[in-house]
Amino acid sequence: MFLATIPGELAMKTFVCLLAVVSLTFCAGIAQADVFSMGEGITSLEFVPVGNPGNAADTRYPEIYGEGGVGSVGYVYRIATYEVTVAQYVEFLNAVAKTDTYGLYHTNMNKSGTGYTPKIARSGDPGSYVYTMTQPARANRPIMFASLWDAARFANWLHNGQPTGDQGPGTTEDGAYLGIGNLSIFARQAGAKYYLPSENEWHKAAYFDPTLNDGAGDYWFYPTQSNDKPSNYVTDPDGGNNANYKDGTRMCIGEPYVLTEVGEFEDSASYYGTFDQAGNTFEMLDTIDPLDATKILARGGSAGNNEVFMQAIQRHRVLPDSAETYYSIGFRIAAPIPEPGTLALLAAGLIGLLAHAWRKRK
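Under our numbering, think of the first position of the sequence shown as 1, with each following residue one higher.
Hints in this document: simulated from the structure, not taken from any laboratory.
Check the hints yourself; a few may be wrong.
Stated by the list, open to error - For lysine-lysine, the following BS3-like pairs were computed, each having C-alpha atoms within a straight-line distance of at most 30 Å: (1) Lys246 to Lys229; (2) Lys98 to Lys229; (3) Lys246 to Lys98; (4) Lys119 to Lys295; (5) Lys98 to Lys119; (6) Lys111 to Lys193; (7) Lys98 to Lys111; (8) Lys295 to Lys229; (9) Lys111 to Lys246; (10) Lys246 to Lys193; (11) Lys111 to Lys295.
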């Protein structure tokens, strides 16, 4: 134990310095992993860690999820704090859709007569398309009218470092996912840096709370850390247990925007710190429907649906190429813990080792 050979005051200084170096290295690694060119504030991708690996599954609804339940995840991961926004998707389009080989832009994205549309306009000719938000007030609201294939290409783009260029290998066609366009071979790849959450990852982040059941962990009924139906009022400050959904005949905000800005209900997060997993927009997952292999699962409810769709018992199913027909579907991104996560474990071990040496010396 090298501290045992160092005089007392110097040993303590050495101990503190080592802790500082480890902490700074860890924090720098996390910061570097989350640097995006998507602008400041809420339009940047932000993540929360989902810990408690090996948590018990939610087995309350075997008629829906089978006897094995849902929500058990054997590893630590991250999930986006917010749903992917209009501003983020516009940046994606301008980076890789100047020709738009695979149709990442859909005409419904600028549809008139409904508040659900993101109001993204496309101008120019193939090879020089430009995408703009015609209503900047929608920048921080969830993107809609995107299909599974669009979302998978967005994840590939993130995985590949947000490059600018034509849609193809190295931009949108490989990375996190291969088999885009064919659900029978579509799959998340080992080593994916950014991806759509699986149903287990999504369910855990939304409903699991390790402090329930005397610390053994359990699941809430709604993603707002509540078993009671949320209200749908926008107040300042947020009163907690709120969501953007249709309560009877009452819309949360209605036209012209219908969708609230992501994170609007600042005191209605899940245990892990995600916002809007209840309502606003259904969120596509990369899990294929076990009852219908032509569809994928989506979870969470939307601004136009009642509270039932936000409940832990509810599954929703959509076609993978549904962008033009489903107006209430969006997505959020998940990611593994970056390499500095391993460093954190090393730091914990080092702290324990140094502390043990210090106690022995004393």
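Results of checking the hints against the structure:
About 12 Å separates the Cα atoms of Lys246 and Lys229, which keeps this hinted pair within 30 Å; it holds. Taking the CA atoms of Lys98 and Lys229, the gap is near 45 Å; set against the 30 Å cutoff, the hint is violated. With a C-alpha separation of about 37 Å, the suggested pair Lys246 and Lys98 falls outside the 30 Å cut-off, and the hint is violated. Under the criterion of a C-alpha separation no larger than 30 Å, the hint pairing Lys119 with Lys295 is consistent with the structure, at around 27 Å.
For the suggested pair Lys98 and Lys119, the alpha carbons sit about 18 Å apart, so the restraint of at most 30 Å is met. For the proposed pair Lys111 and Lys193, the alpha carbon gap of about 33 Å is over 30 Å, so the pair is violated. Taking the CA atoms of Lys98 and Lys111, the gap is near 20 Å; set against the 30 Å cutoff, the hint holds. Proximity of Lys295 to Lys229 is assessed by CA-CA distance (about 29 Å); at most 30 Å being required, the pair is judged to hold.
For a cut-off of 30 Å, the pair hint linking Lys111 to Lys246 stands: about 22 Å separates their Cα positions. Proximity of Lys246 to Lys193 is assessed by CA-CA distance (about 35 Å); at most 30 Å being required, the pair is judged violated. In summary, the hint linking Lys111 to Lys295 is supported, as the alpha carbons are separated by about 25 Å, within the 30 Å threshold.
The structure fails hints 2, 3, 6 and 10 (numbered hints given earlier, in ascending order).
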